[in-house]
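Colleague: Using the sequences and the hints, build the whole thing.
Number of protein chains: 2
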Amino acid sequence: MPHLEQTVKSTPIYDGKIIRVRTDDVQLENGNAAKREVISHPGGVCVVAVNSRDEVLLVRQFRYPFGKELIEIPAGKLEYGEDPSACGRRELEEETGYTAGTYRYLGPMYPTPAYDEEVIHLYYAAQLQPTRQKLDEDEFLDVLQMPFQQAVQMVLDQQIADGKTQLALLKADALRRAGKL
Amino acid sequence: MPHLEQTVKSTPIYDGKIIRVRTDDVQLENGNAAKREVISHPGGVCVVAVNSRDEVLLVRQFRYPFGKELIEIPAGKLEYGEDPSACGRRELEEETGYTAGTYRYLGPMYPTPAYDEEVIHLYYAAQLQPTRQKLDEDEFLDVLQMPFQQAVQMVLDQQIADGKTQLALLKADALRRAGKL
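Heads up: the protein sequence lines correspond to chains A and H, in order. In terms of my numbering, the first sequence opens at residue 1 and continues consecutively. In terms of my numbering, the second sequence opens at residue 1 and continues consecutively.
If you are wondering where the hints come from, they were derived from the structure by calculation, not from laboratory data. Nothing false has been slipped in among the hints.
A pair holds if it fits inside one copy or across any two, identical chains being indistinguishable in the list.
In silico BS3-like links for lysine-lysine, alpha-carbon gap of 27 angstroms or less:
1) K9 with K68
2) K35 with K134
3) K134 with K68
4) K68 with K35
5) K35 with K17
6) K77 with K134
Modeller: Structural data, given as structure tokens:
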């Protein structure tokens with residue numbers, strides 16, 4: 001029998017700009033009652049984008065919850081109803097000033113499925129063409145170009161903390177070695 | 001110059017069992033004001049545990065935010081002040097009924113650094129010894145044993161959604177291939 005929890009009651013807590021929070025009363029499979037705290041989020045995308053010199057585009061930006069800059073691959077939040085692939089292309093161009101000739105889906109990632117509905121969609125992009133970076137007035141980041149294998153090594157050496165960046169780089173590396181990218 | 005956002009005011013929103021939520025007013029580097037929604041979480045651990053037949057231990061459990069069962073590596077939430085390595089050993093034994101003779105740190109993962117302070121610590125464990133599974137009364141999960149390479153292939157085939165599980169399996173695989181595990 002699959003495990004199952006049934007919603008008894010749902011109580012909204014907070015309706016923010018990016019996240020919503022609710023607490024649900026649930027019934028467990030043994031009949032007991034429990035509470036579940038749940039974050040809603042529109043989801044996101046991230047892109048491993050590789051240029052003709054096999055360098056990957058990285059962005060360095062301040063991440064407020066950690067009070068410091070992190071190195072990540074280009075990424076962004078989905079607009080509600082937006083196609084994830086279109087969002088990936090938009091964010092890549094806005095953040096780095098490049099469009100990609102080829103685009104491949106590397107799958108979904110649930111970053112924190114115990115309490116957060118967010119899904120991040122991972123992409124691999126190649127055949128880059130320069131256009132123009134289009135940052136929002138209040139968006140600040142630096143774009144880095146780094147040999148792809150050096151970025152993979154940084155992940156293995158624990159020098160990149162961001163989860164989606166670590167996963168997308170290692171997944172792209174494994175798929176490339178298997179001849180599937 | 002590094003990018004920086006400075007906290008002007010912090011407003012508590014919700015103080016729950018697992019998460020806390022606050023909204024902060026910040027000043028951006030261009031002097032503009034902005035709001036940041038921030039989740040606090042005690043952090044977690046997860047463990048790639050491999051037995052003498054090179055099978056990895058997986059758990060299948062219901063994840064309420066997605067309304068379905070997910071396949072993950074054993075994992076758990078840190079108690080405040082708990083050593084992550086001790087937490088990994090505890091969760092591995094409680095969820096699967098195994099202790100490990102060797103334990104290696106694979107690094108931290110920030111699952112959603114844009115709005116969540118959570119850090120997940122990744123571990124690799126081997127030389128497993130059976131003890132006894134110790135699930136809480138309200139904890140329901142099945143333990144699976146699967147050849148390590150089959151689990152890695154499931155990640156590449158987009159059949160495992162959980163982020164920490166995908167990352168820890170690919171990281172362990174890459175480090176094993178490099179002779180570092």
